[in-house]
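Could you build the full structure based on these sequences and the hints that come with them?
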Amino acid sequence: MPHMTESLEDYLEMVSFLADEGDVRITDIAARLKVSKPSVHTALKILEERELLEHKRYRTVSLTKKGTLEASEIRKRHNFLTVFLEKVVGVERKTAEKDACKMEHILSAETLKKMKLLAQSSSAKSKAD
Numbered sequence: 019m020p021h022m023t024e025s026l027e028d029y030l031e032m033v034s035f036l037a038d039e040g041d042v043r044i045t046d047i048a049a050r051l052k053v054s055k056p057s058v059h060t061a062l063k064i065l066e067e068r069e070l071l072e073h074k075r076y077r078t079v080s081l082t083k084k085g086t087l088e089a090s091e092i093r094k095r096h097n098f099l100t101v102f103l104e105k106v107v108g109v110e111r112k113t114a115e116k117d118a119c120k121m122e123h124i125l126s127a128e129t130l131k132k133m134k135l136l137a138q139s140s141s142a143k144s145k146a147d
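When we follow the numbering used here, the leftmost residue of the sequence shown carries the number 19, and every step to the right adds one.
Among these hints, one or two may not hold up.
[As the list claims (entries may be wrong)] No more than 25 Å apart at the CA atoms, straight line, and that leaves these computed lysine-lysine pairs for DSS-like: (1) K132 x K116; (2) K116 x K134; (3) K120 x K55; (4) K63 x K74; (5) K94 x K105; (6) K131 x K84; (7) K120 x K131; (8) K94 x K84; (9) K84 x K74; (10) K131 x K94; (11) K55 x K116; (12) K105 x K132; (13) K120 x K132; (14) K120 x K105; (15) K105 x K116; (16) K112 x K134; (17) K120 x K94; (18) K120 x K84; (19) K94 x K132; (20) K52 x K74; (21) K52 x K112; (22) K120 x K63; (23) K112 x K132; (24) K116 x K94; (25) K83 x K63.
[Claimed, not checked] Label pairs and their in silico Cβ distance ranges: (26) L136 x T45: 38 to 46 Å; (27) H59 x K120: 22 to 30 Å; (28) S140 x S54: 36 to 44 Å.
For the record, the hints were derived by calculation from the structure and aren't laboratory data. Note that the Cβ used here is the ideal one computed from N, Cα and C, for glycine as well.
Shown next, in the form of structure tokens:
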């Protein structure tokens with residue numbers, strides 16, 4: 019399967035966030051991501067071809083089991099990076115959120131692993147102080 023682009027990851031993540039709130043509609047995705055409805059349709063078609071979600075015309079969008087797992091991984095990276103930037107690096111929450119959204123797509127597994135180790139040692143050190 020081809021690599022997920024940053025844009026496709028954003029769509030998948032947004033479907034996951036919206037699903038937490040209830041039914042997911044094209045108009046909701048477009049509004050939250052500040053994109054056009056045709057752009058949403060194009061992205062959803064690709065995600066559907068990859069078996070990450072299901073969408074029937076004039077119906078709601080839902081994640082498949084595979085899509086739920088993929089979205090969960092994206093959200094975990096996003097949440098970790100937000101907390102890391104806020105608590106370890108010391109940036110404001112709003113900045114941490116914004117930067118995490120960009121970083122979650124480009125960091126390697128190795129870099130994330132090292133950042134997690136750094137966060138753990140930082141947490142252990144502050145508990146010892």
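Below or equal to 25 Å on CA atoms is what counts here, so check K105 against K116. holds, 15 Å
Holds or violated: K83 and K63, Cα atoms, limit 25 Å. holds, 17 Å
Given the proposed pairing of K63 with K74, does the C-alpha separation stay at or below 25 Å? holds, 10 Å
Verify the proposed pairing of K120 with K94, using a straight-line Cα cut of 25 Å. holds, 14 Å
Assess, step by step, whether the Cα of K84 is no farther than 25 Å from the Cα of K74, and give holds or violated. holds, 18 Å
Please work out if K120 and K84 have their alpha carbons no farther apart than 25 Å. holds, 23 Å
If you draw a straight line from the CA of K105 to the CA of K132, is it 25 Å or shorter? holds, 16 Å
Next pair to validate is K116 with K134; report whether the Cα-Cα distance is within 25 Å. Holds, because 19 Å separates the two Cα atoms, which is no more than 25 Å.
Restraint check for K94 with K105, where alpha carbons must lie at most 25 Å apart: holds, 16 Å
Is K120 within 25 Å of K105, Cα to Cα? holds, 18 Å
Taking 38 to 46 Å as the hint, is the beta-carbon distance of L136 and T45 inside that range? holds, 41 Å
Tell me if the beta carbons of H59 and K120 are separated by a distance inside 22 to 30 Å. holds, 25 Å
In summary, the structure agrees with every hint in the numbered list given earlier.
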